[in-house]
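2 protein chains.
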Amino acid sequence: MQERIGVIDLGSNTTRLMVMGFTPHHSFKLLDEVRETVRLAEGVGDDGRLKPGPMERGIEAMKLFHSFCRATGVQRIVPVATSAVREATNQAEFLLRVERESGLKLRVLSTEEEAYYGYLGAANALDLRDAYLVDIGGGSTEVTAIRGRGLLRSFSAPAGVVRFTERYVRSDPISKSDFKALESAAAEIFDGLNWLSNTNGTMLAGIGGTIRTLADIDQKMHSYPLDRVHGYCFTRERLEAIVELLRSLSLRQREEVPGLSRDRADLILAGAVIVHQLMRRGHFADITVSGQGLREGVFYEHFLVGEDPPLFADMRGFSVQNLARIYNYQAIHAAKVRELSLALFDQLRSLHGYGAWERELLGHAATLHDIGTVVSYYDHHKHGAYLIVNSALQGFNHREIALLALLVRYHRKGDVVVDPYRDTLHSSDGARVARLAALLRLAEYLERSKSQVIQRLDVELGDTIRVVTRAIGDATVEIWDANRSAGLFKKAFGKEIEIV
Amino acid sequence: MQERIGVIDLGSNTTRLMVMGFTPHHSFKLLDEVRETVRLAEGVGDDGRLKPGPMERGIEAMKLFHSFCRATGVQRIVPVATSAVREATNQAEFLLRVERESGLKLRVLSTEEEAYYGYLGAANALDLRDAYLVDIGGGSTEVTAIRGRGLLRSFSAPAGVVRFTERYVRSDPISKSDFKALESAAAEIFDGLNWLSNTNGTMLAGIGGTIRTLADIDQKMHSYPLDRVHGYCFTRERLEAIVELLRSLSLRQREEVPGLSRDRADLILAGAVIVHQLMRRGHFADITVSGQGLREGVFYEHFLVGEDPPLFADMRGFSVQNLARIYNYQAIHAAKVRELSLALFDQLRSLHGYGAWERELLGHAATLHDIGTVVSYYDHHKHGAYLIVNSALQGFNHREIALLALLVRYHRKGDVVVDPYRDTLHSSDGARVARLAALLRLAEYLERSKSQVIQRLDVELGDTIRVVTRAIGDATVEIWDANRSAGLFKKAFGKEIEIV
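Protein chains in written order, with our numbering: chain A, 124 to 623; chain B, 124 to 623.
Please note that the accuracy of each hint is not assured.
No distinction is drawn between identical chains; accordingly, a pair holds when it is met within one copy or between any pair of copies.
As the list claims (entries may be wrong) - Taking lysine-lysine pairs in the DSBU-like style, the calculated list, with each CA pair at most 30 Å apart, reads:
#	residue 1	residue 2
1	Lys299	Lys614
2	Lys618	Lys505
3	Lys228	Lys303
4	Lys228	Lys186
5	Lys303	Lys536
6	Lys614	Lys343
7	Lys152	Lys228
8	Lys299	Lys613
9	Lys186	Lys536
10	Lys343	Lys299
11	Lys299	Lys505
12	Lys536	Lys505
13	Lys505	Lys343
14	Lys505	Lys186
15	Lys299	Lys228
16	Lys343	Lys174
17	Lys505	Lys152
18	Lys613	Lys343
19	Lys228	Lys505
20	Lys613	Lys303
21	Lys152	Lys186
22	Lys613	Lys186
Just so you know, the hints here were simulated from the structure itself, not pulled from any lab data.
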């Protein structure tokens with residue numbers, strides 16, 4: 124990685140420093156993240172002034188971030204501020220103090236810029252072609268319409284969870300009347316939004332800590348198998364169950380809810396109600412979580428420098444390459460396994476009947492099949508699956524993540540068992556994994572010596588499948604081993620295979 | 124890593140190529156391992172000649188390994204052969220053919236050399252001060268006595284699992300009389316070994332695929348929580364249960380035993396009986412598995428070049444450093460967290476009463492606390508625990524591995540839950556982890572900015588513990604955060620803490 128950039132985002136509730144290592148257009152990795160709950164908007168009244176305590180906390184956090192950047196070799200720092208600072212009547216005074224005391228010059232984002240960077244972050248991390256995006260922050264809420272991956276229009280309201288909590292969550296547990304008032308105020312936010320509606324199944328995606336936390340609570344309530352919120356999709360009904368639970372609990376009890384961190388236990392009720400009212404207003408049946416937002420959007424402007432808008436042309440392909448590069452994969456070996464897997468896939472099409480989607484996943488699994496060796500060579504197939512589930516792979520839904528993980532898990536040995544991921548899969552996916560894994564495993568064994576001896580292969584369909592290989596040099600062991608791996612093929616396709 | 128070395132070990136049952144990347148005396152990592160089941164000793168009769176089919180398979184495997192090494196940039200290849208070649212009456216012919224056809228010049232190890240390299244591998248991976256070491260191979264069995272980490276004497280018998288299986292496992296399931304014959308022959312191997320005995324609790328350790336497989340079967344039978352055999356210890360009673368199980372099953376049924384790979388299902392019964400007879404003969408109550416053996420021993424001669432014998436002076440310390448280096452840890456930050464953790468440990472000694480062992484573990488956990496960031500910054504505490512459990516950390520038993528994993532798991536957040544590792548822990552370890560993790564977490568928060576601002580700290584014991592820090596520069600946020608992390612301290616020690 125050639126460069127290190129630090130993006131700082133000073134919000135109304137939390138402030139975060141995100142440090143990315145990157146080589147522009149090539150690869151990047153999140154190196155560090157420091158989060159402070161500064162509650163900058165705390166106590167802002169009708170005069171719109173930031174209060175001394177919160178300002179002090181904000182400045183101290185900026186000092187911490189600056190010395191963190193100096194100590195960890197961050198060459199460039201991009202500090203931005205959102206609604207709390209944007210709307211503060213004492214903004215100038217605060218900015219001056221921040222600069223003087225911490226050495227950081229904050230850039231205050233307009234509502235349009237805030238929506239834009241949130242859009243850039245999410246549209247580079249989820250497959251959002253036609254979608255609505257909501258960002259619920261401490262001090263404001265943005266809603267953005269995306270058409271054909273482009274930003275069509277955005278809307279911003281100075282209504283965030285800090286202010287809403289201070290104004291409406293005044294009883295503990297919340298009283299019926301306070302809850303009613305909270306609901307009405309949340310519904311009102313979206314009153315003017317006549318362009319917001321789930322026409323033709325337009326999807327809804329969400330960014331920000333509120334939505335990530337709601338997803339986490341939902342996953343814990345249902346013992347969800349993946350420890351991953353990015354790309355997670357949950358229904359309005361599930362959200363309603365969470366709202367009902369949260370409103371019945373005291374703050375103290377909320378702190379014990381699995382998935383809910385202590386410093387968000389007070390704000391989560393207002394946040395959940397805002398999301399819920401938005402979903403009702405637009406008739407959305409579910410919401411998909413984006414783990415990336417504003418900070419990543421600011422980063423992509425630097426990473427994809429020169430592109431306007433800075434969007435990945437092939438997000439999934441890039442992200443797979445990026446992951447492989449981070450873990451120093453053996454590019455030539457992986458490319459050969461990919462080539463052989465896809466040749467088998469194409470020539471066996473009449474047998475499996477799968478299409479472009481499965482082909483793409485098989486290719487990605489081939490690229491990633493050995494990444495687990497970064498953990499340990501032993502059991503690297505298991506480690507590879509772990510890395511895929513826990514990585515920042517962009518553009519895949521959870522079913523696809525599970526399929527990729529399973530293909531990597533079974534690329535060298537073992538009988539296919541998909542049970543651990545059952546909740547994210549369709550009923551046909553067991554057979555899908557077994558068949559695709561059989562092809563991948565065959566390709567891997569044909570590349571056993573990592574020397575690219577197999578130049579091409581031709582499949583002859585019959586009662587027994589014959590795979591005729593043409594080799595440069597000696598491929599005796601490759602062909603032995605490939606024949607020994609035929610067990611999975613037989614199980615998956617119900618046919619014998621012979622490699623010659 | 125400056126160099127790549129390939130160590131090849133041509134045995135009677137399997138042959139393996141192990142590729143290590145390394146910088147002498149500094150760091151190393153297993154990059155690749157290729158295993159072929161060649162069964163070189165198959166069918167060797169009274170004339171002692173290797174048979175044409177097995178020789179062919181051996182030569183093909185050597186060709187595969189050589190082209191693998193060429194393709195993956197291995198600069199040096201060290202191919203060794205053990206009993207099958209050593210005892211072959213047509214050895215010269217075979218060696219000549221291997222050299223001519225594969226280009227590899229095999230070095231045939233004497234029985235003493237085979238025992239020596241096995242000892243080097245195991246003594247650099249387990250804490251073997253006074254111990255016996257057994258290596259059960261396809262063609263021979265070595266027993267070595269270790270005193271004060273040195274090799275005292277060794278014994279070798281041309282009795283391995285391939286020959287024993289061919290000679291005694293002739294019925295399926297094995298008949299009573301065949302089993303009796305197998306047991307007597309196995310007992311006979313150790314007849315002359317009058318120096319073998321478990322005096323003063325001298326431990327027994329074992330290397331080789333047979334012992335790893337037995338450990339794996341035992342773990343699967345008991346749903347063992349760690350996916351790790353190196354350092355695993357199992358009792359003679361447990362082994363007896365496995366022998367009873369295996370002798371009752373047909374080969375076909377053995378193939379379905381969890382933990383037993385298909386190509387070892389035939390050999391495992393003879394292997395289990397040999398281990399069992401050894402344990403009976405020497406009155407050993409249990410056996411500890413070494414995941415490293417002959418190949419690693421050969422490697423250490425190159426890694427620890429210049430040392431005689433090539434043994435790590437501080438195996439655990441080296442291994443922790445090695446792991447940290449492999450994952451590009453932030454050395455200065457880790458060293459500061461270690462320093463602060465140990466200062467807290469030392470000054471709070473009257474409160475916890477722990478000794479040198481806990482101090483050492485706390486220091487290692489501090490060194491490793493951030494390694495999980497190699498997987499993903501998010502949840503890196505969980506990934507760090509995963510890496511520790513799945514890494515090749517040398518010299519620790521499973522309880523220590525679990526303690527290290529738990530300390531890293533809780534170094535930044537969460538309430539301590541040790542349940543997943545309960546089977547490897549003692550009943551006092553829950554409190555041990557909570558206390559040590561509280562110290563580590565405090566140290567981590569005092570190094571929040573990664574800028575080494577805290578120069579020293581002094582603990583004042585009282586009803587409330589006061590930690591007085593001296594900082595270079597501004598430590599406001601460090602001290603805030605450290606105070607916020609006091610919750611775990613309170614739970615672990617039952618006392619309030621205040622950082623000033």
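query: Which earlier hints can't be squared with this structure?
result: 1, 3, 5, 8, 11, 15, 16, 19, 20
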